[in-house]
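Once you've looked at the hints, dock chain B against the given chain A.
Quick mapping for you: the protein sequence lines, in order, are chains A and B.
All residue numbers for the first sequence refer to the working numbering, where the first residue is 80 and numbers rise by one.
All residue numbers for the second sequence refer to the working numbering, where the first residue is 31 and numbers rise by one.
Think of the hints as simulated: they come from the structure by calculation, not from any bench.
Every residue gets a Cβ at the ideal spot worked out from N, C-alpha and C, and that includes glycine.
Some hints here could point you the wrong way.
Claimed, not checked - If you anchor each label on the Cβ, the simulated ranges turn out as follows:
{"hint": "1", "chain 1": "B", "residue 1": "R59", "chain 2": "A", "residue 2": "F119", "range": "39 to 49 Å"}
{"hint": "2", "chain 1": "B", "residue 1": "I101", "chain 2": "A", "residue 2": "V133", "range": "14 to 24 Å"}
{"hint": "3", "chain 1": "A", "residue 1": "M123", "chain 2": "B", "residue 2": "L34", "range": "25 to 35 Å"}
To be verified - Listed below are the simulated DSSO-like cross-link pairs for lysine-lysine, each with C-alpha atoms no more than 30 Å apart in a straight line:
{"hint": "4", "chain 1": "B", "residue 1": "K126", "chain 2": "A", "residue 2": "K174"}
{"hint": "5", "chain 1": "A", "residue 1": "K152", "chain 2": "A", "residue 2": "K174"}
{"hint": "6", "chain 1": "B", "residue 1": "K118", "chain 2": "A", "residue 2": "K159"}
{"hint": "7", "chain 1": "A", "residue 1": "K174", "chain 2": "B", "residue 2": "K97"}
{"hint": "8", "chain 1": "B", "residue 1": "K126", "chain 2": "A", "residue 2": "K159"}
{"hint": "9", "chain 1": "A", "residue 1": "K174", "chain 2": "A", "residue 2": "K159"}
{"hint": "10", "chain 1": "B", "residue 1": "K118", "chain 2": "A", "residue 2": "K174"}
{"hint": "11", "chain 1": "B", "residue 1": "K126", "chain 2": "A", "residue 2": "K152"}
{"hint": "12", "chain 1": "A", "residue 1": "K152", "chain 2": "B", "residue 2": "K118"}
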Amino acid sequence: MIRFASLFIVLFLFWVVLSGFFTAFLLGAGVLSALAVAYFAARMQFVDHEGYPVQLSPGLLVYWPWLFLEIMKSAWAVSKIILSPALPVSPTMVKFIPGQRSVVGLVTHANSITLTPGTIAIEVQHDEFVVHGLTRESAHGCVDSEMNRRVRRFEGQA
Amino acid sequence: MSALVDALSWACLVAGAVFCIIGSVGLIRMPDFYTRVHAASVTDTAGAGLLLLGMMLQAGFTLVTVKLIIIGLLILFTSPTATHALCKAALMRDLKPLLAEGEATSKR
Numbered sequence: 080m081i082r083f084a085s086l087f088i089v090l091f092l093f094w095v096v097l098s099g100f101f102t103a104f105l106l107g108a109g110v111l112s113a114l115a116v117a118y119f120a121a122r123m124q125f126v127d128h129e130g131y132p133v134q135l136s137p138g139l140l141v142y143w144p145w146l147f148l149e150i151m152k153s154a155w156a157v158s159k160i161i162l163s164p165a166l167p168v169s170p171t172m173v174k175f176i177p178g179q180r181s182v183v184g185l186v187t188h189a190n191s192i193t194l195t196p197g198t199i200a201i202e203v204q205h206d207e208f209v210v211h212g213l214t215r216e217s218a219h220g221c222v223d224s225e226m227n228r229r230v231r232r233f234e235g236q237a
Numbered sequence: 031m032s033a034l035v036d037a038l039s040w041a042c043l044v045a046g047a048v049f050c051i052i053g054s055v056g057l058i059r060m061p062d063f064y065t066r067v068h069a070a071s072v073t074d075t076a077g078a079g080l081l082l083l084g085m086m087l088q089a090g091f092t093l094v095t096v097k098l099i100i101i102g103l104l105i106l107f108t109s110p111t112a113t114h115a116l117c118k119a120a121l122m123r124d125l126k127p128l129l130a131e132g133e134a135t136s137k138r
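Isolated chain A (complex conformation) (with noise of 0.2 Å):
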C-alpha cells in the first residue's frame, strides 16, 4: 500500500513537473490520471519490489555519482584509444560470475557495465555474465570488479 501510495506521488510529480501549469482543472485532470495508472500498474503486478524498487532510491546517491565518475573515466580512455593512429583495440570476452542475488541488483549491474564505454554486458543471467572489452584490459577489469561490490552494496548485501 506504501508503495502504491508512494508511486501515485511519483507519477503525480512528473505529471505537474512536464505540464508546468497550476490550474485547477490540469491538476485535476494529473491526480486522475496518476491515479489510474497507479490502479493499472497495481493490476498488472508490476508495483513491487522488483517492478519499482524504490526501497533501492537512497543507494543510489552512493552509487549514481561514483557512477558517473567511472563513465567519464572510460569514457576518456575509449576517446584516447579511437583518436591515437595505431587503433590499440584488443577485443576480449569474458565469463563471469556475478554476486548479485536480486533481479534488480543484476540488471543495475548489467546496465552498469553497459553504459561505461569499452565495456557491454551481452549474456546477463544469474550465474553467468558474459562481457566484451575493447581492450583486454577494461574485459578482465569487469570481473570481480569493485563496480561488482558496489552494486552488492546497493541491492543490500554486507
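Okay, now just chain B, sitting in the frame of chain A:
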C-alpha cells in the same frame, strides 16, 4: 557569478560536442560490429551527458532543468538496454566478434 556559470556551461557544451564527434569518428574507425558499439557508447554517455549538463547550467533553477534531468534519466536507463539487445541479437545470429590474438574464442 553568472559569467562563471556561463563559462562552465559552454565548457560542458563544447566538451559534450567533442565527445559526440569522437564517438562518430570511432564508429567509422573501429574494425567490427561490437567494437563500433563501444565507440557509439562514448557518444550517448559522455557526449549526451555533458550536453545535458551544459544546458542545465544555462537553464538554472527552472522547470526546464527538471525536464532535462528526466531526459538524462531516460537515456541512463534506455541506452544500455538498447545496446545490450543489439549486441545479444547480433551474437545470437552468429555474428562472430573479432577477438584479439591469444584470446580464446569463448563464445557463449
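Okay, the hints, checked on the actual structure:
no.	hint	in the structure
1	B/R59 with A/F119: 39 to 49 Å	47 Å, holds
2	B/I101 with A/V133: 14 to 24 Å	21 Å, holds
3	A/M123 with B/L34: 25 to 35 Å	49 Å, violated
4	B/K126 with A/K174	16 Å, holds
5	A/K152 with A/K174	23 Å, holds
6	B/K118 with A/K159	27 Å, holds
7	A/K174 with B/K97	39 Å, violated
8	B/K126 with A/K159	26 Å, holds
9	A/K174 with A/K159	26 Å, holds
10	B/K118 with A/K174	14 Å, holds
11	B/K126 with A/K152	29 Å, holds
12	A/K152 with B/K118	25 Å, holds
When each numbered hint is compared with the structure, violations occur for hints 3, 7.
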